[in-house]
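Order-wise, the sequence lines are chains B and L. Each number in my numbering comes from the position in the first sequence (counting from 1) with 7 added on. Each number in my numbering comes from the position in the second sequence (counting from 1) with 7 added on.
FYI, nobody ran anything at the bench for these hints, they're computed from the structure. Do not take every clue at face value.
For identical chains, the list gives no copy identity; a pair is met inside one copy or between any two copies.
[Claimed, not checked] Simulated crosslink set (DSSO-like; lysine-lysine; CA at most 27 Å straight-line): (1) 12 <-> 117; (2) 174 <-> 17; (3) 17 <-> 117; (4) 107 <-> 56.
There are 2 protein chains.
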Amino acid sequence: MKLLKDRIIKDGIVLNDSVLKVDRFLNHQIDPQLMLEIGREFAHRFSSKPITKILTIESSGIAPALMTGWALNVPVVFARKRKSLTMNNVYQSTVFSYTKQETNTLIVSKSLMNKNEHWLLIDDFLANGQASQALIDIVQQSGGTIEGIGIVIEKTFQPGGKQLREKGFHVESLAMIKSLENGTIIFDE
Amino acid sequence: MKLLKDRIIKDGIVLNDSVLKVDRFLNHQIDPQLMLEIGREFAHRFSSKPITKILTIESSGIAPALMTGWALNVPVVFARKRKSLTMNNVYQSTVFSYTKQETNTLIVSKSLMNKNEHWLLIDDFLANGQASQALIDIVQQSGGTIEGIGIVIEKTFQPGGKQLREKGFHVESLAMIKSLENGTIIFDE
Numbered sequence: 008m009k010l011l012k013d014r015i016i017k018d019g020i021v022l023n024d025s026v027l028k029v030d031r032f033l034n035h036q037i038d039p040q041l042m043l044e045i046g047r048e049f050a051h052r053f054s055s056k057p058i059t060k061i062l063t064i065e066s067s068g069i070a071p072a073l074m075t076g077w078a079l080n081v082p083v084v085f086a087r088k089r090k091s092l093t094m095n096n097v098y099q100s101t102v103f104s105y106t107k108q109e110t111n112t113l114i115v116s117k118s119l120m121n122k123n124e125h126w127l128l129i130d131d132f133l134a135n136g137q138a139s140q141a142l143i144d145i146v147q148q149s150g151g152t153i154e155g156i157g158i159v160i161e162k163t164f165q166p167g168g169k170q171l172r173e174k175g176f177h178v179e180s181l182a183m184i185k186s187l188e189n190g191t192i193i194f195d196e
Numbered sequence: 008m009k010l011l012k013d014r015i016i017k018d019g020i021v022l023n024d025s026v027l028k029v030d031r032f033l034n035h036q037i038d039p040q041l042m043l044e045i046g047r048e049f050a051h052r053f054s055s056k057p058i059t060k061i062l063t064i065e066s067s068g069i070a071p072a073l074m075t076g077w078a079l080n081v082p083v084v085f086a087r088k089r090k091s092l093t094m095n096n097v098y099q100s101t102v103f104s105y106t107k108q109e110t111n112t113l114i115v116s117k118s119l120m121n122k123n124e125h126w127l128l129i130d131d132f133l134a135n136g137q138a139s140q141a142l143i144d145i146v147q148q149s150g151g152t153i154e155g156i157g158i159v160i161e162k163t164f165q166p167g168g169k170q171l172r173e174k175g176f177h178v179e180s181l182a183m184i185k186s187l188e189n190g191t192i193i194f195d196e
């Protein structure tokens with residue numbers, strides 16, 4: 008997606024050989040018009056699938072997932088990272104974040120998931136695939152069907168995307184980065 | 008906002024005399040079309056103000072804030088609830104959540120705020136006003152101007168809204184609830 012890649016080049020900051028900071032348009036400050044275009048692009052790429060709901064993870068997945076839900080006209084559910092006092096009866100799975108060096112429990116209320124749903128999973132980044140695996144685990148617990156996985160930025164030099172595709176999941180990444188070495192962003196065309 | 012109040016009546020769950028659960032359309036599952044209408048309504052209500060950016064709080068504020076940002080064509084910044092490894096140089100303020108019975112530190116990167124910005128603050132709920140006060144504190148640290156505060160659901164039987172208006176802030180709440188007693192939602196018309 009050219010619009011996104013141009014924005015990554017303009018506003019992305021390479022922190023080290025594996026971390027790209029996109030705080031200016033995706034996961035701290037958000038550009039709503041860019042998110043709308045991202046939502047339209049995901050809707051287009053998964054247009055042949057009978058998607059009935061979207062699942063993402065708080066917080067950085069919410070913006071692209073919301074716009075995709077708007078474009079596909081389906082509800083968006085975001086997995087929470089810990090249990091709040093008003094939540095009972097949840098599906099859960101654990102995820103380790105390499106960026107934040109912490110383990111979170113992802114939680115989704117059972118009342119929002121059932122075996123007849125066809126899910127599109129959306130997330131901001133795909134690197135080692137831990138977060139996607141946790142979302143897959145949660146959908147599988149609910150008995151629902153996973154129609155695809157939409158990723159805003161995939162780091163193809165990390166193994167998550169390859170592993171998901173080898174398992175047969177339909178993964179669409181809007182920007183694929185094959186290297187951040189020496190402070191330079193190189194896309195995987 | 009009639010669309011929102013109808014949805015609260017249809018899908019809101021009164022947990023006790025002070026807690027309304029809106030997990031089916033606002034803060035766990037999100038209805039994108041409703042969020043778009045909420046965004047348009049906030050844009051309309053603050054149309055006379057020279058807003059240049061929106062500030063909200065992860066996670067439940069992101070959806071209404073994003074759609075308001077889309078409608079006003081301005082960026083959206085969400086305050087994070089703890090420090091991530093890739094963030095330095097932040098404004099911060101603490102907030103106590105009565106619902107979750109926990110204290111969080113809200114953090115916004117200094118690089119996203121400057122004294123020339125005119126801010127609209129957006130949040131999902133207004134009850135005791137702790138979260139709004141923390142956002143106000145952060146904007147004031149940055150030297151920016153607060154043009155208004157947009158709230159999806161205000162509980163007018165709690166003091167936050169009254170206190171903010173007495174301080175001179177322009178507060179717009181799309182649904183105002185004056186009582187949740189006996190399991191019944193009564194709106195403040």
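Okay, the hints, checked on the actual structure:
{"no.": "1", "hint": "12 <-> 117", "result": "between (37 Å within a copy, 25 Å between copies)"}
{"no.": "2", "hint": "174 <-> 17", "result": "neither (34 Å within a copy, 40 Å between copies)"}
{"no.": "3", "hint": "17 <-> 117", "result": "between (41 Å within a copy, 19 Å between copies)"}
{"no.": "4", "hint": "107 <-> 56", "result": "neither (33 Å within a copy, 38 Å between copies)"}
Going through the hint list in order, the structure does not satisfy hints 2, 4.
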